[in-house]
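Novice: So the chains spell out like this:
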Amino acid sequence: MMESGFHGCDLDDSLKCKLEESGTQNTHSVMEKAAAWFRSRSIFVVAYGTGCGAIEMPPTFTSRYDAERMGVVGVATPRQADLIILSGYLAYKTLRRVIRTYEQMQKPKYIITLGSCPINGGMYWDSYNTIKKLDDYLPVDVSVVGCMPRPEAVIDGFSLLQKRIKNGEKAGWEKYDENLDFYKKNQKRVLGNHVDPSYETDWYNLENGSEV
Amino acid sequence: MLDFFNSNETIHFIITVGSMLLFTIGLYGIFTQKNLVKVLISFDIMESALFLFFIGLHYNFGLVAPIVDGSDKTFTNMVDPVPQAMILTTIVIGLAVLALGLSFGIEYFRLTGINDISKMNELRD
Amino acid sequence: MNSIFLLLNLLPILFLYQFGGDLHVSLSLTKEFTLSLSQTPLGTFFAYLSLISFLLVTIAQKSKKTSFSYYALQFLLSIAMLAIVLAGDFITFFIGWEIMTWSSYFLISKSSDIDTKSLQKYILFSLASAFSLIAGMVIAYSFANSFDFNVIQNSFHTMPFNIKVALIVLFSLSFFTKAGVIGLHYWVVDTYSKAPDLFSSILSAVMSKMGIYGLFLVYGHLVGYAELKDMFGVILNGTDFGYVLGWIGVITSIIATFKAITQDEVKRLLAYSSIAQLGYIIAVIGMGTSFGVAGAMYHTLIHTIIKLLLFINVAAIVAQTGKNKFSELGGLIYRTPVSFVMLLIGIIALAGMPPLGGFASKFMLYNAAIDSKFALILVGMLFSGAASFLYCYKLVYGIYLGHPTSKDLETQKEVPISYLIPQVILALLLVATGAFPGAFIKVINPILIEFSLNTIPYTSMGVMQSAVGNFNGLFIISAFVVIFVFILLLIWRIKSKAKNNLNRFDISYCGEVPSKNTQLHYGYGFGTDLYRIKFVNAILKRSSSPFYEALATQTKKTAGLLSRMYYGNIHNTMIIILLFFSALYFIGVN
Amino acid sequence: MIFQIILLIMLAYVVGFIYMGLYRNITARIQGRYGPTVYQTFYDSIKLFSKKNSVSYGWMFYLGPVIMATGAVLTLILVPVFSDSDFLRSVTTQGNLFLLLYLMVLGPLGNALAVGTGGNPFGVMGVVRGLTRLIGLELPFYIAVVGLIIASNSSDIVHIIDLQKTTGLNILVHPFLFIAAMISMVGFFGASPFDIPGAPQEVYSGPRTEFSGKFLALLMSQGSIFAFAKLVLIIDLFLGGADSLWMLVIKTFAIFITIIFIGIVYGRYKVEQAVDFLMKIPTLIGVIGLVRIIWFG
Amino acid sequence: MSLGYYFLLPVIFSFLTPYFRKLGTSALRGSSVFLTFILFVQTLEYTGVSLPQISQFSVAPPIGIAFVLDNFSLLFLLIFTFSGFMVSLYMLWYFKANDNTNETRFYVFFNMLLAGSIGMILSCDIFNVYIFFEITGISSYALAAYNKDKLGLEAGIKYLIIGSIASIFIVFAIMLIYLQIGTVNIGLIAQRYSEIDPKIAVLIALMLFIGFGTKAELFPMNFWAPDIYQGSSSHVNGLFSAIVAKSYLFVFFHLFYLFGLNTKYTLLIMSLGAITFLVSEFTALNQKDIKRLFAYSTLGQLGILFMALASNSSDTISGALFHLASHSISKLLIFLVLGILISKFKSTKITIVGDFKSLFLSIVLIIGFLSILGIPPFSGFIGKILILKGFALSHNYIAIAFILLVSIVEAVYFFRLIALMLDKKRTKTSVPVGFVNYIVLSVLAILIVLFGVYPSLLTHYTDLATNALLQPHSYLQFALGVGL
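Residue numbers (our numbering), protein chains in the order written: chain W, 1 to 212; chain G, 1 to 125; chain X, 1 to 590; chain Z, 1 to 297; chain F, 1 to 484.
Be careful, since some hints might not be right.
[Stated by the list, open to error] Capping the alpha-carbon separation at 27 angstroms, the derived lysine-lysine pairs in DSS-like fashion look like this:
(1) Lys280/Z with Lys541/X
(2) Lys495/X with Lys163/W
(3) Lys52/Z with Lys184/W
(4) Lys373/X with Lys165/Z
(5) Lys163/W with Lys52/Z
(6) Lys413/X with Lys323/X
(7) Lys170/W with Lys495/X
(8) Lys344/F with Lys357/F
(9) Lys96/F with Lys62/X
(10) Lys323/X with Lys516/X
(11) Lys107/W with Lys163/W
(12) Lys288/F with Lys110/X
(13) Lys150/F with Lys34/G
(14) Lys425/F with Lys325/X
(15) Lys33/W with Lys107/W
(16) Lys65/X with Lys516/X
(17) Lys497/X with Lys163/W
(18) Lys495/X with Lys166/W
(19) Lys270/Z with Lys541/X
(20) Lys349/F with Lys150/F
(21) Lys64/X with Lys413/X
(22) Lys424/F with Lys117/X
(23) Lys280/Z with Lys373/X
(24) Lys117/X with Lys557/X
(25) Lys323/X with Lys425/F
(26) Lys497/X with Lys184/W
(27) Lys170/W with Lys185/W
(28) Lys344/F with Lys264/F
[Said to hold, decoys possible] Computed spacing ranges between beta-carbons, pair by pair:
(29) Ala27/F with Thr553/X: 54 to 60 angstroms
(30) Ile417/X with Glu174/W: 47 to 53 angstroms
(31) Pro175/Z with Glu174/W: 57 to 63 angstroms
(32) Ala319/X with Pro432/F: 56 to 62 angstroms
(33) Asn6/G with Ser582/X: 55 to 61 angstroms
These are calculated hints, taken from the structure and not from any lab test.
It should be emphasised that the depicted structure is a prediction, and the values quoted were computed from it without experimental measurement.
Glycine included, every Cβ here is placed at the ideal spot set by N, Cα and C.
Chain W with its partners taken away, still in its complex shape (with noise of 0.2 angstroms):
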């Protein structure tokens, strides 16, 4: 209960209320259709093995488990990939990481946990340089619960999300977009404003347009 504040429980009101009403909504034109079918067909994940669960990947990936036969390969950046997958707790120092990972995918884009900690932070609950919920910080998708889930569950997890992506659900980046500053104000709670120079020029501050 040391770091209660990071929990989101003092959040603003009117930030609150707009990430209540983000809920689902179906897209509409046959092309957007069609083109979130491919989505959901083809996906290109980046693997940040944050925890424990960094184990389960090789498995998933290979020929026991076989990932891609679903359409799901893994990729080296971030640039290229469609899904970030989290496997485990994320420490401050991995969280700026991946914010700046997940930050330079190209949208659409998605990120999957797995396990308890970056739902709630599970063991880690009362460390002091751990994130609790990611959630506040960064949008889940899809969060595969164990402690850690087998490959099956992560495939479960991908095809929960490919079913998502094929129904044209709201997925997390546009609740980044929309709520950005919700975000980054959680994001700089934790990470302090002495964070890295280059984050004025994030996409954050590109989004209309090129000014810098």
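Starting from the known structure of chain W, fit chains G, X, Z and F onto it as the hints suggest.
Specialist: Just chains G, X, Z and F now, with coordinates in the frame of chain W:
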């Protein structure tokens, strides 16, 4: 006995040997001596040897000095005058060189205190 | 001043144009020597090549503060080169050659970063080249009794075989030195890199071509390719002589290419590249076929254009930024976009890529090798061409792409317009030669006739004809443009919004944010991994400099040894004279 | 004419994507996986095209992939896909084998320019690795091509195809050249053991690190077109070309499957190992073939 | 004007020098300029006259003494009088700008030097040649030491000792000749040289060879030469290089060809010349003293001249004579410029070449350097190419290769100097040149360029001179007094 000494061949032989000995003394001086004055003396000895040699070989018995006094117009019984004229000139030149060399030597000795020609090597590589 | 010399530089062109290709003047120097100018198609080609190059470089000098003496020497140099290429006899040729040597020497000495060692290197190699030439010409004289090219040509076949070989070797050595064949290239790199920036373009583009002109003159005109064939016999479809020269050229170009990749200084890279490109020319010049000559000529033209373009470009950048190393430059693309495009055109041509003129010349070179069935030589040329992509890319990346390595690079402005004008002209020339490769055949054919070789069939401007297939430059370039525009439009229309992320630090960097101090420019380390390849390492770790330095050291030692004789002991001197006399006397008497 | 060319490009696009899909699928099967569908690369491509954002570092970054694609398409239309089509023959005679050799490098150059503009050092490292690898990779291929040109005394591909109707297929006549060319081809397809430029463990994705969205999609599309063109080039040179769609598919697939089988069983060479290897074994094989042609042919 | 005045006038002026000094320094300097001008103009007049010409004194040759001027000696006479004229003009500036306490002494020996060297080339009597040889020698010893400084005196002493050795050889040779033939007339000796007992003939030839070869700075006898050049003043070096060495060279080859020694000794002299060239050019590489450096350069060029003049072929000799003239002019130019620099910087290190700032001096100095290196369009090139052409015509390729290879070594130090001159990093001091020097140096430089671009001016004379040297019939006629 004296006839033997009075023959041209003998006198020429003696002069040749003598002057060459003298020349050798000069050469010896050049090879061994390093004092400038001694070197110049050696040169002079060599020159003198040459003069002796040249004059001596042109002297035959019974000939007189080539002095034309106006009375005798036959020019017979005279020594060939050309070598003598040449030697005279050469002596003068030798003297001039010697004088110049000595004056150089003196000046140089005054400036540096060196009279050994092998130590005059400020100009060198 | 600039405009005066611009006009002055224009004069010889007009003069040459006025005579319309038929200039024959002679002036008696002594009773044996005649200064004569006699215009041949070959000479005319090289004359225009050099004069126009000088004109373009003079334009570029407009915005660079240049002294009168510099201009005057440069003008003298251009006249000397004119004398070389129009010479009708060896005396004129040699006088032009030597005036070229010393006037360029003084021009090089005007550079701010020149040192005595490089100057000495340059002049000694130039003089060695000149002396080799002079040896050749007096030997030729001893048989032909004339320095006139035509007389020597007519009497060449009457000379003894060893004299013929000696002549060819001497002349070749001389001109190889000027062109910078490997082994004789010791001076090239230092000179090119330390000369005044704009003068480097003359050195590389024009002066080295005088060596090529000399080779053409000797092989094609004085000796004659038919005679070369008779002398040395035939291997495969070409001559033995051409085979040897082919290997010389290929080895030159391979070694120089790898050396170029590892350079950090821009102009050193260009210098090595120049050596490499001239290696191609030398590789085909001795083949004695129409395509050999045509390839060499075409590559001469293209290389002149490219090197002028590149050196002027680099000179502009150096003048603008004051930096000349890849490790100090970088990221200039959006500061000096026009320069970037010009350099890009230059390196595309340098790499020999279609659709620019560079490919046309490479094509002719390869055809020459195919024509003579010199397959391994051709493979060597292709190999060196493949390796040259690396230094081409290093050139454009190191200067324009990547990240600026210092703060002042981020605020650079576009280079002055006077630098850009010649570059644009040259770039257009490259595009034109790419689109109309066949047009040059019309220039080459008279030269082939002069060398009594078969002419190359000419069909149309756009088509480059060869023995083993042809290509249509016009088609290629228009297809390229059409497809390019088509794809561009296609990609333009796709809705995916292209964000111009102008902050250069926003790159994928493993989640990290590179700071201003992070080394992001790969200009310095570029090419160092070549050292790990055994074959390349074997080339790179060898150098001609130990040999020449050992030569210099040995010469100095000899000099020291000999100078001990003059140790100022007059007594010993006397004794030596006397002993020498006695020794001679004993030898003489017995 | 334009229609035919567009049709050709479409064909190459489709076949190329299917081959790429097959590549992944077959690789997966060899590895004991189920693998993606053969259309998977097509899905990937469309998905990337439909990305909402694509990061760009300026106009050169924008043009680089376009140049690359242009090079691929130009290569395609200059390779006689159908050896008996008069139209394609007339188009391909506008170019020749040397032109193709250089056009094949134009794409990498455009890519390299864009990568350089992107300013990602990993990208440039990848490019440099690629270009360094190219030194070794081109050598056996050049030897093979030069050998064929000298053997058939023409650099015109149509002529080389026609000649094979009388002398027999080049794969039988000049097997050494074929082996040399095939080893190079493995590298040109970016298959192991010559896939160092984009090694994700070392340099991110190498040259492609900064490409996203439609640029990446364009790169993938041109890659499949280019792969198809290369396959066609190989069958034109060594297998007598193809006069019908079936022949085309069979022959290219044969070459393709060979390349996959070679690629799948090897680990990745370091760049210097790759160049060293390429300069030794395939070059030696090629030189044997070449000497055979010149001195004994 | 009788040829005798060539000797008499300088001697008279030399003796009158103290008197001129009393009239004032300008009279002293002016008298020298006047003298050399008269001699030069007179020589120019001889260029239009049919040669040989003879001036006899009291008795006709072969018994009497006579001066014979043929085309060969005319060339040398032109060089000597011209060089003398230039040096005397230069001295106008020199003694104004520098310490002039030794002025009188200089002019005495300068005029005497002219007398001696001109007498040496005109005299057709071997004993007179010896006398003039000694006059030249004494005046050059004195000129070397005329400042009475330490180095000068050392140079003078060394020169004197060597001169004495040489003169002993020559005297010995003359005596042997007289003993064998009974005459000192060159014409008669030339006619009857073959009658001499071969063993004695060898001895005579060798003695003459050693005597004149020592003075003409041929290789194993030239270890003294750089010391002399280093010790003397720069303008004196100019005289040594342009006049003195050339006059000994004249006598050497005049006798060489007249006595028919060319059949036996060509190879010896050519190889010694080659060694001279090689050794001195190599030795010059390490020099730090500018005067010594150019001394070696002079030795080297004399080596080439020995090679070429001994070669027995008219083409080579003609080229060699051209080269000789060009070398005289160029070396004179260089030494005069060096004189200006040395008097400014009071140093003889080679770095002074890099320290001065004067466009004019740089240009003329570079012209001089390039000319000596044989680079067109300067006169040295024509000389060198003519020599090489001559060797080529006699198919002597070894000599060609040798000259060209060693020339590269020569280029090393010349261009080191030029690089020093062009080095912008050195601090440069401006040097006052002096009005007269502008004229003198530009005349010399213009001549170098003129002979380079219009060599017919000079080749005309060198060809005539070569003919006179190789076909000495008319000379012999005059020397024997037959033509009178």
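Novice: Look at each hint and say if it fits the structure.
Specialist: Going down the list of hints, with the structure as the test:
1. Between the alpha carbons of lysine 280/Z and lysine 541/X the distance comes to roughly 20 angstroms, so the proposed pair stays at or under 27 angstroms and holds.
2. Our distance criterion of 27 angstroms between C-alpha atoms is met by lysine 495/X and lysine 163/W, whose separation comes to about 24 angstroms.
3. Taking the CA atoms of lysine 52/Z and lysine 184/W, the gap is about 22 angstroms. The hint holds against a cut of 27 angstroms.
4. Pair hint lysine 373/X plus lysine 165/Z holds up; C-alpha atoms about 24 angstroms apart against a cutoff of 27 angstroms.
5. Taking the CA atoms of lysine 163/W and lysine 52/Z, the gap is about 19 angstroms. The hint holds against a cut of 27 angstroms.
6. With a C-alpha separation of about 15 angstroms, the suggested pairing of lysine 413/X with lysine 323/X holds against the 27 angstroms cut-off.
7. Annotation: proposed proximity of lysine 170/W to lysine 495/X holds, straight-line Cα distance about 20 angstroms (limit 27 angstroms).
8. Restraint check for lysine 344/F and lysine 357/F: the C-alpha separation of about 12 angstroms stays at or below 27 angstroms, so the hint holds.
9. Under the criterion of a C-alpha separation no larger than 27 angstroms, the hint pairing lysine 96/F with lysine 62/X is inconsistent with the structure, at around 47 angstroms.
10. As the CA atoms of lysine 323/X and lysine 516/X are separated by approximately 19 angstroms, the hinted pair is consistent with the 27 angstroms bound.
11. For the hint pairing lysine 107/W with lysine 163/W, the CA-to-CA distance comes to about 18 angstroms; that is within 27 angstroms, so the pair holds.
12. Annotation: proposed proximity of lysine 288/F to lysine 110/X holds, straight-line Cα distance about 25 angstroms (limit 27 angstroms).
13. A C-alpha spacing of about 19 angstroms is found between lysine 150/F and lysine 34/G, which places the hinted pair at or below 27 angstroms, so the restraint holds.
14. Between lysine 425/F and lysine 325/X the CA atoms are separated by roughly 23 angstroms; this keeps the pair inside 27 angstroms, and the hint holds.
15. A distance of roughly 16 angstroms separates the Cα atoms of lysine 33/W and lysine 107/W; the hinted pair therefore holds under the 27 angstroms criterion.
16. For the hint pairing lysine 65/X with lysine 516/X, the CA-to-CA distance comes to about 35 angstroms; that exceeds 27 angstroms, so the pair is violated.
17. This hinted pair checks out: lysine 497/X and lysine 163/W have alpha carbons roughly 25 angstroms apart, not beyond 27 angstroms.
18. The straight-line distance between the Cα atoms of lysine 495/X and lysine 166/W is roughly 20 angstroms, inside the 27 angstroms bound, and the hint therefore holds.
19. Taken as a hint, the lysine 270/Z and lysine 541/X pair is honoured in the structure, with Cα atoms around 21 angstroms apart against an allowance of 27 angstroms.
20. At most 27 angstroms may separate the alpha-carbon atoms for a hinted pair to count; lysine 349/F and lysine 150/F meet this at roughly 17 angstroms.
21. A threshold of 27 angstroms between alpha carbons decides the hint, and for lysine 64/X with lysine 413/X the separation of about 16 angstroms falls inside it, so the pair holds.
22. A threshold of 27 angstroms between alpha carbons decides the hint, and for lysine 424/F with lysine 117/X the separation of about 14 angstroms falls inside it, so the pair holds.
23. For the suggested pair lysine 280/Z and lysine 373/X, the alpha carbons sit about 23 angstroms apart, so the restraint of at most 27 angstroms is met.
24. At most 27 angstroms may separate the alpha-carbon atoms for a hinted pair to count; lysine 117/X and lysine 557/X meet this at roughly 18 angstroms.
25. The hinted pair formed by lysine 323/X and lysine 425/F meets the criterion: a straight-line CA distance of about 20 angstroms does not exceed 27 angstroms.
26. Distance restraint check for lysine 497/X and lysine 184/W: the Cα-Cα separation of roughly 24 angstroms lies within the 27 angstroms cut-off, and the hinted pair is therefore satisfied.
27. A threshold of 27 angstroms between alpha carbons decides the hint, and for lysine 170/W with lysine 185/W the separation of about 22 angstroms falls inside it, so the pair holds.
28. The straight-line distance between the Cα atoms of lysine 344/F and lysine 264/F is roughly 50 angstroms, outside the 27 angstroms bound, and the hint therefore fails.
29. Our hint of 54 to 60 angstroms for alanine 27/F and threonine 553/X holds, since their Cβ atoms are close to 57 angstroms apart.
30. One distance hint, 47 to 53 angstroms for the beta-carbon pair isoleucine 417/X and glutamate 174/W, holds here, with the actual separation near 49 angstroms.
31. Restraint check, proline 175/Z to glutamate 174/W: a C-beta distance of roughly 59 angstroms satisfies the suggested window 57 to 63 angstroms.
32. At roughly 37 angstroms, the beta carbons of alanine 319/X and proline 432/F sit outside the given window of 56 to 62 angstroms.
33. Checked against the given bound of 55 to 61 angstroms, the beta carbons of asparagine 6/G and serine 582/X, roughly 36 angstroms apart, lie outside it.
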